[in-house]
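The chain contents come next:
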Amino acid sequence: MSTERDVSVRRHGVGAAVPRREDRRHLAGQGCFIADVQLTGLCEVAFVRSQTAHGRIREISVPAEDREAVWTAQRLAPFAEPLTATSTLEGFRTAPLPNLAADKVRYVGEPVALAIAATRAEAEDVAGRVGVHLEPLPAVVDFDTALARDAPTVHDDWPDNIFATTSGEVGDVDAAAREAAVSVTREYTLHRQAVVPLETRGVIAHYNRSTGELVVWSSTQTPHMIRDMIALQLGMEARRVRVIAPDMGGGFGAKCSVYPEEITLAAIATQVDHPVRWVEDRWEAQVASTQARDHRHRITAYAAADGTLLGVEADILVNSGAYSVHPWTATMDATMASAMIPGPYRLPNYRFRTRSLASNKTPSGPYRGVARPAAAFSIERTIDELAHELAMEPYEMRIRNMVRSEDMPYVSAADKVYDSGDYPEAVRRATALVEHDTWRERQRALPASARRRIGIGYGSFTEQTAHGCIEWAARGLAVTIGTEGARLAMDATGSLSLSVGIKSHGQGSETTLAQVVSEVFDVDLDHVTVSHGDTAMTPRGDGTFASRTMVMAGGATHGAALALAEKVMRIGAVLLDEPVQDVVLRDHAVVGKKGSVTYAQLAKEFLFTPDHVPGVEAGLEVVHHYRPEVQTGAFTYATQAAVVEVDLDTGAVKLLDYAVVEDCGTVVNPRIVDGQILGGIAQGIGNALLEEIVHDADGQPKSTSFLDYLLPGASEVPQIKIEHMATPSPYTVFGVKGAGEGGAIPPPAAIANAIRDALREYGTEVNETPMTPERVWTALRTSRMAAEAEGRATLEAVR
Amino acid sequence: MKAPDFRYHRPTTVEEAIALLADAGDDGKVIAGGQSLVPIMNMRLAEPETLVDLTGVDELRTGSKTPSGACYGATTTHMMFEYELVPDVTRGLLPHAAAGIGYPAIRNRGTVGGSLAHSDSSAEWPTVMAALDAAVHVRSVRGARTVPVRELLLGFFTTALEPDELITEVEVPGLAPTARWGMYKMCRKPGEFAESLAVALGEAEPDGPWREVELWLGAAADRPLRLNSTEEAVRGEAFADLLPDRLVAPLAADLGQDLSAIDPTGRHALQLHAVTVQRALQSAERGDTA
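Protein chains in written order, with the numbering used here: chain A, 418 to 1216; chain B, 118 to 407.
Calculated directly from the structure, the hints in this document are not laboratory data. From the three backbone atoms N, C-alpha and C, an ideal C-beta is built for every residue, glycine too. Any given hint might turn out to be false.
[What the hints assert, rightly or not] Keeping only pairs whose Cα atoms sit at most 25 Å apart, straight-line, the calculated DSS-like set for lysine-lysine is:
1. LYS1011/A with LYS1021/A
2. LYS1010/A with LYS1021/A
3. LYS1119/A with LYS119/B
4. LYS1071/A with LYS306/B
5. LYS1119/A with LYS306/B
6. LYS306/B with LYS1138/A
[To be verified] Which bits of chain A does chain B cover? Going by a derived footprint, with three or more residues having C-beta under 8 Å, they are:
7. 688-701
8. 1128-1139
9. 1191-1197
Here chain A stands alone, though its shape is the one from the complex (with noise of 0.2 Å):
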């Protein structure tokens, strides 16, 4: 159509760098979070949570000064049903997720009962006198004891501590054993992180008895699907429930679960008198938002002597914590994991078991890559040792198995279609990138008396992002997400709102989505309003998560500006009295080959003297629902390259060096995505070198605060290269691919190569994160040792 003849001359469109409208609210302070907000006779809310990992509950004690203000399980119970979070997996386990914990505590941090108080300090008064008194059950925590034969349950009624087990296999990866010349096999584990968004959750809840509606401010990704939950678990009619996300400092997947605390206040806020709100703390982040990772994959893989990939088995076990959560479910990352350990590769023959383990931890949810972070690790890492049993350089291992160009679309060992793009020239660029061959020259140059050494590792991945229905119900999800609405009014003065079913809290939608408009319109972003966040406002949708919001919601805005283009031009046409092929949207006018009309000028033409456009049917405002035709996702993809230097006296690691070459599609707005890659990468490599929620052998979470839990700042985060390749994806709406969690998903993999790499003549292998600097030291001495006493069988055997 018309608007697409001057995509050329968009200037704030598509591709253009302006910055984040967003920065002006929140560089000057003025943005307005849950903790911001201001109600008559807000009071407070604290928590009392399980201390214990595991135990029966035998009594919950309350003073009688305080029975009014403290909430327990009992007295919850009649105004809101705990959620189950089912799957249509064969042999799922289901256990329901208390919304406060009634017969046993299951992790430390759980919910346990609740203090409503003026403010938070005497909240916290009130909660420290409630006795909770329990009878102590022996922790289920690792893999091996969640494993156990005799191992304690954590769900009463289960056999096991299992909540579903899968497995597949395609073509015959014994048979390829049987052709390999070489084969590795290797034990990967990725320990358990919490996601550690700026600001922590929150949640307010205000019962409006004048209007009959609950409304509820949550700090949520996904402001409809709490909506739509919290009605359900309460009883209500969804029409009465209408919830808030304000202003947010991120999420990264710990916000878009539906939560407790959330389900709780909404019900408490039905029986007080006034509204309620509960600040997450950081203790309690640490402790009670969902948590990521606790993979371990036992890998082996095969290939021929030229460095084909032959053959991949992975045995996955995913300790997802205590409860399955809606909508993720606890399978959530172990079939993430199956679908990507084949990863950019062509991949003949694969064979997978999953097996997604149920502990006295924190319930496990989504964190930025979602499962990826784990499969890269372990699919990079293998290609590695792949490619040191042939003497290869690993990067060629890389480029001789990837998806080529002239493969695309193809169909993974997994079942999953990548749609575009040229995998081995991101490898081949981010050698160039980060300067393979200088590095090489440098290590070579390092002395052997040096008490440091140098490696470079590479990390490759594909995602899928903003995938559809088919893609969540394949996976077991009795909710399948995969679409998304946009509203676009043009008002009397010409300016245009748009409103959308997405939450952007940190993505930059009021900017991009803008941009979407604009490029359809040809209008400053000033004259476009972008509403999120409100179910009141927005049409319904999903959420930002699973980087789908640049496709999903950018295709429904494209859609409804399309829509309202086409009508804005009719009414144009009538105005100026000229065919309406002769007109197109131009720097905010209907403009015909003889004359032009203001969109202003246009707009109050139309809205306030209908009848001077004679033959177009009445309103300024489109809905538009969009669902991408092909559901099974655009792919985007990325070879990062680090380089390190170890330190042999202590093992720490340092970035000396971080290079990214990536294919995120048609870039929206390359300082938004360079942003978000940054971002990803800097997590990471809190992921890789950083970050870990250690438990003891009771279950007690022991780096619940920043005193032990390490994240990467300024100083641990070295300058990174980025370089795009921008091929468009064949499947949606102007081409553009999610770009919001690769960042995140292959520095652990290309940061442990590096650190094999720069630790070659000793043979050192870390498997495992965070590659603290005990990890790495323990892994380079045993090493030594082991060398030393071979170099000493060898000299004996000589003698």
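Given chain A's structure and the hints, the job is docking chain B onto it.
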């Protein structure tokens, strides 16, 4: 993470402060920078009934030279040492140590007296002041006394101070013009507490072995430790020979650890201490000393 209720006083003289402390009895607590106390109060790990805030007592935020060195008021901040807003008599050791504490915001509020009274051996001042053989002047309504830092620090969060006693000054002896010092802090990220912290003080030949050396180690035990066996191993040794591997055995002896029974975590911690001591010696050797 909100502190429970407490009474709060902000006196303007030492006399007032010690009277308030005496009144508060066992449940009183002195606050100066609050950089350690406030977080533990918010976590309700400490619940003092009364806080006596010293930041209004101007006489405690001073520093001056004495015939034998310098005397610093107890609420002299880390930042004041870092930028030499108070005189330095240690040829740069005090400013160097101060610059490594936490982050600028912490250094801007945290105080030398507070750090010593808190007695966390992974912090800078306990080890550095023990190595320098500094002493604290202490006041209470019962009188005044002087306590060497080496006798003040009894263990983790434990000192020789009585509940009604207040550190008013820290007296630091000056270093001789020929003295050499080295300090190294091992931590995972800039600004974190030390995993190991070593101070080497002594006399060395120019570009040669240590004639006299005293070694102090923080973050290894519940208080700073003097490393007698390690000193023995270092004395008279050529610098190039002082690799961490050679320091591990004497260090284990100093720390009372059995090398044959140590677990991997303990072994790595010991290694870090050895490297830290080596790097402290090395930094002295390189002339990082001002």
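Verification of the hints:
| no. | hint | verdict |
| --- | --- | --- |
| 1 | LYS1011/A with LYS1021/A | 21 Å, holds |
| 2 | LYS1010/A with LYS1021/A | 22 Å, holds |
| 3 | LYS1119/A with LYS119/B | 21 Å, holds |
| 4 | LYS1071/A with LYS306/B | 11 Å, holds |
| 5 | LYS1119/A with LYS306/B | 19 Å, holds |
| 6 | LYS306/B with LYS1138/A | 23 Å, holds |
| 7 | 688-701 | holds (count 3) |
| 8 | 1128-1139 | holds (count 3) |
| 9 | 1191-1197 | holds (count 3) |
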